[in-house]
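Could you put the whole structure together from the sequences, leaning on the hints where they help?
Per the numbering used here, the very first residue in the sequence shown carries number 59; after that it's consecutive.
Hints listed in this document are in silico derivations from the structure and should not be mistaken for laboratory results. Please read all numbers here as calculations on a predicted model, not as lab measurements. Heads up, none of these hints are tricks.
Once the Cα atoms are required to be at most 25 angstroms apart in a straight line, the calculated SDA-like pairs of lysine to any residue come out as:
| id | residue 1 | residue 2 |
| --- | --- | --- |
| 1 | Lys-304 | Ser-277 |
| 2 | Lys-177 | Leu-114 |
| 3 | Lys-296 | Ser-400 |
| 4 | Lys-419 | Ile-372 |
| 5 | Lys-418 | Phe-371 |
| 6 | Lys-177 | Asp-219 |
| 7 | Lys-419 | Asn-378 |
| 8 | Lys-430 | Tyr-392 |
| 9 | Lys-418 | Glu-368 |
| 10 | Lys-373 | Met-410 |
| 11 | Lys-421 | Tyr-288 |
| 12 | Lys-304 | Lys-315 |
| 13 | Lys-304 | Tyr-288 |
| 14 | Lys-304 | Cys-129 |
| 15 | Lys-373 | Tyr-422 |
| 16 | Lys-340 | Ala-405 |
| 17 | Lys-355 | Thr-401 |
| 18 | Lys-434 | Cys-409 |
| 19 | Lys-306 | Gly-333 |
| 20 | Lys-394 | Ser-289 |
| 21 | Lys-304 | Thr-341 |
| 22 | Lys-170 | Pro-226 |
| 23 | Lys-421 | Asp-305 |
| 24 | Lys-308 | Val-270 |
| 25 | Lys-394 | Thr-276 |
| 26 | Lys-308 | Gln-429 |
| 27 | Lys-315 | Glu-415 |
| 28 | Lys-394 | Thr-406 |
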Amino acid sequence: FCQMMTEEEKVQLAALTKRVFEGEELAGQLKELHDHLKAKDRRAILPAPADNLATLYLYSCNLNNARRKKCFKGQIFASAEDCLAHVRIGDGYGDGILDGEGFEIRIKLVFKEESWMLKFQSAILSLVAYTSSSKKPKYAEELKNSGDDTTESLYEVLISDEAIESFPQTLALPLKRVVKYDYQHFYDVNKTNNSPDCDIFADSVSMSSLFVETVSITSAERRIQMIENYSHEFFHGKNAEVAHIKDKAKCSSYEEKDVNNQLYLSRHVHEAFDGINTVPTKTPWFAIHVLSYDENKVDCPKIGPDAIVESPFIKRQRCNVLICFYNESYAADYAKYLRNDSTQLDATTYCMDLYFEDAKKAKYYLDWKEQKTRLKWEGRN
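This is how it looks when you write it as structure tokens:
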């Protein structure tokens, strides 16, 4: 890096580094000089200042389309925690893992050691490479076939404005660790700042997975195929996801489109139902067991005073089901989100009614799913 500098620049750098203790103004001048030098090489890092003044290393970039990928932001937070990332506390820094324009994620983090910063950079580049698969999602292919030539980049995560720099840490500069809990806490509590489109598109454990269909839960027809309370926090500002009971990879084309093969779940409960991101086990956290079903058709029940019956001429058939959690810990985490009309039978089991156009078909799909889930539970024990 020094070989790129002119003699005059070397003299300026040496003088400012020696005098940096004299005040914040000189530190600002040092940053200005660094900004001038890094234009020659955006990945270059200034040597540590002389004496015992600690050096911080800053990594920043923009990830375009990253919020189209399920849990991508959570992966970034996990990597940031693993690499001991920090943010500067105070106005004007703009540090963090933040939502940008559209589906962009903006990253600006500081590190106390260059090695940790470089490890984080490698983790981000690996995430980007992993999600930029040459295999086009079905959703993008369908749009492209429709004549929309803008879909080529819909599924690509692209990195831009990547920059690395270093600067002296002053005694008045407080830092805060970045941990994955920051993401989980934000996602679960601060719903009002979360986009309805964030982290809900993919329906697979792979971050390069397909887009998942989402639907409004204002209709009575959808609410009667929901096991969750439609007003709980996971649905604040978000639609429900269409969760196939029988895995899509195992479905015929008819079964994939069959509404009796669908439940409408929040992202969190969808993951628990399919064993998506249930690290480290990747095991479903609950199963649905059909106790009985009734082939007598009834009008669509209305769950909630604001429910809209969209198909008044289509009758429904009742399935009485048990929601069976794998253990008491998972039940404690998720049972609180079940419908208000569910009945607790024991510490891990809840009973409720679901309604389908064809209850016999729904039982087939639910039995298939329960069998697969219980085989995974047996393999875990």
